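K.L.:
For reference, the chains in residue letters:
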Amino acid sequence: MYGRKVKLRFFFVLLILITLILSVYLILKSLEENVVYFQSPTEIKILPEIEKKKIRVGGMVKNNSLSMGAKEIKFIITDFKNEINVIYSGLVPNLFTEGKGVVAEGYLKDKNFFLATKILAKHDENYMPPEVKAALEEK
Amino acid sequence: MASLIGFYSLIFGLCLSFIIIFYSVRNFKDSMVFDNKIIFSTFLQFFFVIVSFLGLILSFVYSDFSNETVFNNSHTTKPLFYKISGTWGNHEGSLLLWLLVLTLFIFLFLIKSKDQSKKYRILTLLFQQVIIMGFFIFLIKTSNPFNYIFPIPKEGLGLNPILQDPALAIHPPILYLGYVGSSIIFSSTLAATSLNYISKEWAKHLKQWVLISWIFLTLGILLGSVWAYYELGWGGFWFWDPVENVSLMPWLALTTLLHCILVLEKRLTLTSWVVILSISTFTLSMCGTFLVRSGILNSIHTFANDPERGLFILIFLFCLIFLSLFIFFFFHKNNDKNVDSFFWLSKETSILVNNWFMMYFLSVVLIGTVYPIFLEVISSEKISVGPPFYNKLIIPFLIPFLLAMAIGPKLKWIKSDLQDKKYLILFFIISFLLSIFIIKILNINFLLNTILVTSAFYLFFITLRDFFTKKFKNLSQNISHFGFSLLILSILFNNIFSNEIITNLKVGETFQSEKFKINFENIEKRNDQNFLAIIGKLKIESLNGNIETLRPEIRIYNQPNITTSEADIKTNLLTDKFMTMNFIQNQDYFNIRYQVKPFMIWIWFSVLIISFGGLLSLLQKRYEN
Numbered sequence: 001m002y003g004r005k006v007k008l009r010f011f012f013v014l015l016i017l018i019t020l021i022l023s024v025y026l027i028l029k030s031l032e033e034n035v036v037y038f039q040s041p042t043e044i045k046i047l048p049e050i051e052k053k054k055i056r057v058g059g060m061v062k063n064n065s066l067s068m069g070a071k072e073i074k075f076i077i078t079d080f081k082n083e084i085n086v087i088y089s090g091l092v093p094n095l096f097t098e099g100k101g102v103v104a105e106g107y108l109k110d111k112n113f114f115l116a117t118k119i120l121a122k123h124d125e126n127y128m129p130p131e132v133k134a135a136l137e138e139k
Numbered sequence: 001m002a003s004l005i006g007f008y009s010l011i012f013g014l015c016l017s018f019i020i021i022f023y024s025v026r027n028f029k030d031s032m033v034f035d036n037k038i039i040f041s042t043f044l045q046f047f048f049v050i051v052s053f054l055g056l057i058l059s060f061v062y063s064d065f066s067n068e069t070v071f072n073n074s075h076t077t078k079p080l081f082y083k084i085s086g087t088w089g090n091h092e093g094s095l096l097l098w099l100l101v102l103t104l105f106i107f108l109f110l111i112k113s114k115d116q117s118k119k120y121r122i123l124t125l126l127f128q129q130v131i132i133m134g135f136f137i138f139l140i141k142t143s144n145p146f147n148y149i150f151p152i153p154k155e156g157l158g159l160n161p162i163l164q165d166p167a168l169a170i171h172p173p174i175l176y177l178g179y180v181g182s183s184i185i186f187s188s189t190l191a192a193t194s195l196n197y198i199s200k201e202w203a204k205h206l207k208q209w210v211l212i213s214w215i216f217l218t219l220g221i222l223l224g225s226v227w228a229y230y231e232l233g234w235g236g237f238w239f240w241d242p243v244e245n246v247s248l249m250p251w252l253a254l255t256t257l258l259h260c261i262l263v264l265e266k267r268l269t270l271t272s273w274v275v276i277l278s279i280s281t282f283t284l285s286m287c288g289t290f291l292v293r294s295g296i297l298n299s300i301h302t303f304a305n306d307p308e309r310g311l312f313i314l315i316f317l318f319c320l321i322f323l324s325l326f327i328f329f330f331f332h333k334n335n336d337k338n339v340d341s342f343f344w345l346s347k348e349t350s351i352l353v354n355n356w357f358m359m360y361f362l363s364v365v366l367i368g369t370v371y372p373i374f375l376e377v378i379s380s381e382k383i384s385v386g387p388p389f390y391n392k393l394i395i396p397f398l399i400p401f402l403l404a405m406a407i408g409p410k411l412k413w414i415k416s417d418l419q420d421k422k423y424l425i426l427f428f429i430i431s432f433l434l435s436i437f438i439i440k441i442l443n444i445n446f447l448l449n450t451i452l453v454t455s456a457f458y459l460f461f462i463t464l465r466d467f468f469t470k471k472f473k474n475l476s477q478n479i480s481h482f483g484f485s486l487l488i489l490s491i492l493f494n495n496i497f498s499n500e501i502i503t504n505l506k507v508g509e510t511f512q513s514e515k516f517k518i519n520f521e522n523i524e525k526r527n528d529q530n531f532l533a534i535i536g537k538l539k540i541e542s543l544n545g546n547i548e549t550l551r552p553e554i555r556i557y558n559q560p561n562i563t564t565s566e567a568d569i570k571t572n573l574l575t576d577k578f579m580t581m582n583f584i585q586n587q588d589y590f591n592i593r594y595q596v597k598p599f600m601i602w603i604w605f606s607v608l609i610i611s612f613g614g615l616l617s618l619l620q621k622r623y624e625n
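Quick mapping for you: the protein sequence lines, in order, are chains S and D.
In terms of the working numbering, the first sequence has 107 at position 107, counting the first letter as 1, and numbering is strictly consecutive.
In terms of the working numbering, the second sequence has 405 at position 405, counting the first letter as 1, and numbering is strictly consecutive.
Same shape as in the complex, but just chain S (with noise of 0.2 Å):
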């Protein structure tokens, strides 16, 4: 014989249960959506096929390659193995230079071109995204 109270505090732990569950599997699931993977040169030209997904690549700007127009800047990002074509406009982060490391979001229009929607901003000259790093020590 179980008394209201009991019955009530089981409901209950179900219910946080079953709320908990769900939560998990909302959070994971839009993990899964919304996060964005970093890829270089190299790993887009190995890509099997091109996705929509929003992307991240990073390298360097190619030396000669920048072109700034009233509307849009186009730029080369290299791995110093292979290269991709930029095309972007919007706001450029001020160490944004030819030579230097450069992070850019956006999508991939084919295997040579990407259009970004936001080019990261860096905080002084040493500091080198992460990613960017990792793509100069493999090579």
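Among these hints, one or two may not hold up.
Claimed, not checked - Under the rule of at most 30 Å between Cα atoms (straight-line distance), these lysine-lysine pairs were calculated in the DSSO-like manner:
(1) S:LYS45 <-> D:LYS382
(2) S:LYS100 <-> D:LYS537
(3) D:LYS141 <-> D:LYS29
(4) D:LYS200 <-> D:LYS118
(5) S:LYS100 <-> D:LYS525
(6) S:LYS109 <-> D:LYS118
(7) S:LYS71 <-> D:LYS422
(8) S:LYS100 <-> S:LYS81
(9) D:LYS422 <-> S:LYS74
(10) S:LYS29 <-> S:LYS52
(11) S:LYS111 <-> S:LYS62
(12) D:LYS577 <-> S:LYS118
(13) D:LYS506 <-> S:LYS62
(14) S:LYS52 <-> D:LYS392
(15) D:LYS570 <-> D:LYS537
(16) S:LYS5 <-> D:LYS410
(17) S:LYS109 <-> S:LYS54
(18) D:LYS382 <-> S:LYS111
(19) D:LYS392 <-> D:LYS382
(20) D:LYS333 <-> S:LYS5
(21) D:LYS410 <-> S:LYS71
(22) D:LYS577 <-> D:LYS525
(23) S:LYS62 <-> S:LYS5
(24) D:LYS422 <-> S:LYS29
(25) D:LYS539 <-> S:LYS62
(26) S:LYS54 <-> D:LYS392
(27) S:LYS81 <-> S:LYS54
(28) D:LYS392 <-> S:LYS118
(29) D:LYS410 <-> D:LYS422
(30) S:LYS53 <-> S:LYS74
(31) D:LYS333 <-> S:LYS74
(32) D:LYS506 <-> S:LYS29
Stated by the list, open to error - Listed next, with one range per pair, are the computed distances between beta-carbon atoms:
(33) S:GLU51 <-> D:ASP417: 38 to 48 Å
(34) D:ARG465 <-> S:ILE16: 27 to 37 Å
(35) S:GLU32 <-> D:LEU608: 33 to 43 Å
(36) S:GLU51 <-> D:PHE437: 49 to 59 Å
(37) S:LEU14 <-> D:PHE331: 23 to 33 Å
(38) S:LYS111 <-> D:LEU448: 51 to 61 Å
(39) D:LYS517 <-> S:LEU20: 50 to 60 Å
(40) S:LYS100 <-> D:GLN512: 28 to 38 Å
Keep in mind that the hints were calculated from the coordinates and are not lab data.
None of these values were measured; they are calculated from a predicted model.
Ideal Cβ placement from N, Cα and C applies to all residues, glycine included.
Assemble chain D onto chain S, guided by the hints.
P.N.:
What follows is chain D alone, placed relative to chain S:
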């Protein structure tokens, strides 16, 4: 010389820890009265840390480059104000500040807790000393701020220019008072748990420390956010960057704790919640320190990537977690049972609801921050979790949260009826109509927006009305909740109404859009103490003929050679006009960003209101005593 005194003060400070522990243990066992020698030695320890800190400040002021920390972070041409603030603008100095706050809080605790039992005070001191010793050793062993270098360099390397800013000069001390202040909550909760000392009076006493910590943490986060808004040039105030998240997580835990402790004070239930939250607040602060300082997260707070430091904090963190879990499981007696349980519709339930929501928000932030790190360790895949993740998971849950926040405080303890139902429903209808009206005008017929604005307005009106009903006594709570509704409303309208233009312009060119005309008139150069400024003059003409001139700056600092952009912001009560300018080497074009951001000042202001509520609660407490 100052460095030498500073260093020896640190050593003395560490030695005093042993003396304090010796006295405390002796005092704990025998006599009934609290030994005044303990207070004296605690003061002495605090004094030595101050001396050490002053020593470092003096080395900075006099640009003593024989000190490695000064050499790495200072420069003779730096303005005096930033020489001083540079003291805590680096890894070593900020840890010294951390230690200073630790010793300050335990000293304050001892002199403010005279009416508590002797054993409890001593045990709190002992737990705090464990933390203090850990940081002394950490500081002396891995990050000594007084390292000597020879030959003595002529010139220092300079402070990162984006740290040379008034808001960021006071951001660390304020934030630390909150962040490190939570250590005293941690220590006293562990002490109270092991002595089975948890009572209503204890809750009342701990509440003050929770409030102090909470107020400073809130203000500290606000300062960091304001700084990011005008210095980083993105024109936002929260980016869901891991570094921001590690300050938000202790805040969420602390806010939940603040609500739980109210229940404990009045009703002596939710003790386990209080204990767990006290432990997790400080643990999250430590976690934040670990993530930020170990170089795992890259940010402005990562000063040097030294794996040894990260490892030390990690081991220390695990020891503390282990210690607290041990105490929790072996000493904690749940004394909830001797109190009548409460019914579904009661203040207790509403606070529990608040707790669960807060825990949910906390876990979302925690997973978003930690998951990328784990994934990289496990599979070496590099990912980042951005704002969409948080927006999607947090915003929908804000709606019931806001509604509960409006109705919860109206309920009574144990068992309650909803009173004033008419008003509650009436206000809901008003808020709903108002939001529909606003959203319709804007033509962004978006379901989520309407409901969200409705619930925010609802909280806003309910709390606003409560200011005028005299029977409502809890003014501080009402102020904070009102501030929160204002914060959410400002953020929402800020998001909905914001306008932005990003374009590349040459000097003399004009940009024409549907809403504005931007004319890049000229640039001029100005030499300052340690930087060269390039100031652009841009005239913005809006459709209705209003002309505004904005002068964004680019600053090229001499040492270190870094370029920063200073936004020019025209603020008034309704909107901020925000402009930044960047340049790219060897190009004629300047990258211009112009933003119209409504209600920015209200975001800052509402956070001030929230913390003012906390301050009022703290002062009321004092007044009653």
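K.L.:
Hint by hint, say whether it matches the structure.
P.N.:
How the hints compare with the structure:
Only pairs whose Cα atoms come within 30 Å are accepted, and S:LYS45 paired with D:LYS382 is accepted, the gap being roughly 17 Å. With a C-alpha separation of about 29 Å, the suggested pair S:LYS100 and D:LYS537 falls inside the 30 Å cut-off, and the hint holds. At roughly 33 Å between alpha-carbon atoms, D:LYS141 and D:LYS29 are farther apart than 30 Å, so this suggested pair is violated. Proximity of D:LYS200 to D:LYS118 is assessed by CA-CA distance (about 18 Å); at most 30 Å being required, the pair is judged to hold.
A threshold of 30 Å between alpha carbons decides the hint, and for S:LYS100 with D:LYS525 the separation of about 26 Å falls inside it, so the pair holds. Proposed proximity of S:LYS109 and D:LYS118 is contradicted: the alpha carbons are some 71 Å apart, above 30 Å. Proximity of S:LYS71 to D:LYS422 is assessed by CA-CA distance (about 56 Å); at most 30 Å being required, the pair is judged violated. With a C-alpha separation of about 16 Å, the suggested pair S:LYS100 and S:LYS81 falls inside the 30 Å cut-off, and the hint holds.
The hinted pair formed by D:LYS422 and S:LYS74 fails the criterion: a straight-line CA distance of about 62 Å is larger than 30 Å. Under the criterion of a C-alpha separation no larger than 30 Å, the hint pairing S:LYS29 with S:LYS52 is consistent with the structure, at around 18 Å. About 17 Å separates the Cα atoms of S:LYS111 and S:LYS62, which keeps this hinted pair within 30 Å; it holds. A C-alpha spacing of about 22 Å is found between D:LYS577 and S:LYS118, which places the hinted pair at or below 30 Å, so the restraint holds.
Taking the CA atoms of D:LYS506 and S:LYS62, the gap is about 24 Å. The hint holds against a cut of 30 Å. For the given pair, S:LYS52 sits about 20 Å from D:LYS392 by alpha-carbon distance, which is consistent with the 30 Å threshold. For the given pair, D:LYS570 sits about 14 Å from D:LYS537 by alpha-carbon distance, which is consistent with the 30 Å threshold. Pair hint S:LYS5 plus D:LYS410 holds up; C-alpha atoms about 26 Å apart against a cutoff of 30 Å.
Restraint check for S:LYS109 and S:LYS54: satisfied, since their Cα atoms lie roughly 11 Å apart, inside the 30 Å limit. For the hint linking D:LYS382 to S:LYS111, the alpha-carbon distance of about 20 Å falls within 30 Å, and the restraint holds. Simply put, D:LYS392 and D:LYS382 have alpha-carbon atoms about 22 Å apart, close enough for the 30 Å limit, and the pair holds. With a CA separation close to 22 Å, the supplied pair D:LYS333 and S:LYS5 stays within the 30 Å bound.
At most 30 Å may separate the alpha-carbon atoms for a hinted pair to count; D:LYS410 and S:LYS71 exceed this at roughly 55 Å. For the hint linking D:LYS577 to D:LYS525, the alpha-carbon distance of about 23 Å falls within 30 Å, and the restraint holds. For a cut-off of 30 Å, the pair hint linking S:LYS62 to S:LYS5 is broken: about 71 Å separates their Cα positions. Distance hint between D:LYS422 and S:LYS29 is unfulfilled; the C-alpha atoms sit about 41 Å from each other, more than 30 Å.
Between D:LYS539 and S:LYS62, the direct Cα distance comes to roughly 35 Å. Violation of the 30 Å bound is thereby established for this hinted pair. Among the hinted pairs, S:LYS54 with D:LYS392 is consistent with the structure: their alpha-carbon atoms are about 16 Å apart, no more than 30 Å. Under the criterion of a C-alpha separation no larger than 30 Å, the hint pairing S:LYS81 with S:LYS54 is consistent with the structure, at around 23 Å. At roughly 20 Å between alpha-carbon atoms, D:LYS392 and S:LYS118 fall within 30 Å of each other, so this suggested pair holds.
The hinted pair formed by D:LYS410 and D:LYS422 meets the criterion: a straight-line CA distance of about 14 Å does not exceed 30 Å. With a C-alpha separation of about 21 Å, the suggested pairing of S:LYS53 with S:LYS74 holds against the 30 Å cut-off. Proximity of D:LYS333 to S:LYS74 is assessed by CA-CA distance (about 66 Å); at most 30 Å being required, the pair is judged violated. For the hint linking D:LYS506 to S:LYS29, the alpha-carbon distance of about 46 Å lies beyond 30 Å, and the restraint is violated.
Roughly 56 Å separates the CB atoms of S:GLU51 and D:ASP417, a value that falls outside the hinted 38 to 48 Å. For the pair D:ARG465 and S:ILE16, the beta carbons lie near 34 Å from each other, so the given range of 27 to 37 Å is met. Restraint check, S:GLU32 to D:LEU608: a C-beta distance of roughly 39 Å satisfies the suggested window 33 to 43 Å. Checked against the hint of 49 to 59 Å, the C-beta distance between S:GLU51 and D:PHE437 comes to roughly 42 Å, which is inconsistent with it.
Here the CB-CB span from S:LEU14 to D:PHE331 is close to 30 Å, well matched to the stated 23 to 33 Å. The hint said 51 to 61 Å for the Cβ distance between S:LYS111 and D:LEU448, and at roughly 37 Å that hint is violated. Distance hint check for D:LYS517 and S:LEU20: the Cβ-Cβ separation is about 55 Å, which falls inside the suggested range of 50 to 60 Å. Checked against the hint of 28 to 38 Å, the C-beta distance between S:LYS100 and D:GLN512 comes to roughly 33 Å, which is consistent with it.
Hint check: violations occur at hints 3, 6, 7, 9, 21, 23, 24, 25, 31, 32, 33, 36, 38; the rest are consistent with the structure.
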